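Asker: Anchor point for the sequence shown: position 95 equals 94 in numbering that gives the first Met the number 0, and the numbering is continuous, going up by one each time.
No lab work stands behind these hints: they were computed from the structure. Do not take every clue at face value.
Each pair of labels, with its calculated beta carbon distance range [unchecked claim]:
| id | residue 1 | residue 2 | range |
| --- | --- | --- | --- |
| 1 | K190 | G52 | 47 to 57 Å |
| 2 | T225 | R131 | 18 to 28 Å |
| 3 | T140 | F9 | 35 to 45 Å |
| 4 | S232 | D189 | 21 to 31 Å |
Only a predicted model underlies this, so the values are computations on that prediction, with no experimental measurement involved. Just so it is clear, CB atoms sit at the ideal spot from N, CA and C, and this is done for glycine as well.
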Amino acid sequence: MSKTLRTLDFLARERRVFTAAEFREHYGGSPTNAANALKRAIRDGMIERVAHGSYAIREVGRLSTDSSTEDVLLALASVLGGRDHRIAYLTALELHSLLLYPPTEVQVALTSPTRTTHVSGRSFRQVIEVPRYLKVGASQTTHGCLVSDLPRALLDAARRPDLIGGVDTIVNALQLAGQVDTHTIVEYADKLDSHPALRRLGSMSVAAGRYDIASVIRSNTTLPVTPIAIDPSSPSEDVTWLDPAWNVAWDSMSADLIGMRANS
Numbered sequence: 000m001s002k003t004l005r006t007l008d009f010l011a012r013e014r015r016v017f018t019a020a021e022f023r024e025h026y027g028g029s030p031t032n033a034a035n036a037l038k039r040a041i042r043d044g045m046i047e048r049v050a051h052g053s054y055a056i057r058e059v060g061r062l063s064t065d066s067s068t069e070d071v072l073l074a075l076a077s078v079l080g081g082r083d084h085r086i087a088y089l090t091a092l093e094l095h096s097l098l099l100y101p102p103t104e105v106q107v108a109l110t111s112p113t114r115t116t117h118v119s120g121r122s123f124r125q126v127i128e129v130p131r132y133l134k135v136g137a138s139q140t141t142h143g144c145l146v147s148d149l150p151r152a153l154l155d156a157a158r159r160p161d162l163i164g165g166v167d168t169i170v171n172a173l174q175l176a177g178q179v180d181t182h183t184i185v186e187y188a189d190k191l192d193s194h195p196a197l198r199r200l201g202s203m204s205v206a207a208g209r210y211d212i213a214s215v216i217r218s219n220t221t222l223p224v225t226p227i228a229i230d231p232s233s234p235s236e237d238v239t240w241l242d243p244a245w246n247v248a249w250d251s252m253s254a255d256l257i258g259m260r261a262n263s
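Can you build the whole structure from these sequences, using the hints too?
Answerer: Listed below in structure tokens is the structure:
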């Protein structure tokens with residue numbers, strides 16, 4: 000469980016509505032990291048602002064239901080009919096039941112944009128991909144929709160942490176995932192030329208306690224001498240730890256969000 004979720008869990012035991020000051024008090028760490036964690040929790044749909052400086056915790060577990068999944072797929076079928084597509088990134092994790100909170104947008108990979116802006120009450124985010132990458136790991140689902148299979152969804156999460164919501168969302172997904180075909184993840188990384196993402200996923204797998212995933216990735220990955228960021232989109236530029244097993248640099252915010260210590 001991420002540091003943000005632990006804080007919200009603590010607050011939820013006493014109240015459903017809390018203030019920013021109460022969040023900072025229980026989150027700990029620097030005021031900047033606490034403020035950033037609060038903003039991300041709002042963005043990711045974990046909480047909602049109900050008044051100036053006051054926030055309410057949203058109900059957990061409503062996402063991974065047959066009815067909500069059906070609603071999203073039905074709405075997407077009308078938008079995507081006849082278009083090359085792959086339901087991907089955050090929405091793929093949702094459809095694989097790997098999210099703790101309902102996201103505020105639907106994400107789909109396309110080869111060309113549409114004018115659609117909202118689907119099933121959520122904002123519609125289009126990620127344009129080159130045609131040869133679009134169908135890698137695309138699996139048929141209901142209503143004629145294609146969705147990233149589990150290996151592609153996890154690899155994409157490490158490729159684009161900015162779309163997923165950051166490292167803590169990915170670590171949670173890894174902890175929620177059951178058996179993972181890691182050899183297929185490695186195969187997809189070759190096809191997509193995404194070896195840096197493999198290193199990020201390996202480091203995050205260790206942080207999530209998924210040594211089964213990390214060991215397979217490590218045996219199929221070489222480490223260039225140049226370190227890479229765990230989350231290139233993170234606003235934090237301070238490196239709190241360089242993971243020597245993967246040559247991946249953890250910034251202070253990403254490490255803080257999952258409660259990682261510098262000597263992890």
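Asker: Are any of the numbered hints broken by this structure? If so, which, sorted upward?
Answerer: No numbers; nothing is violated.
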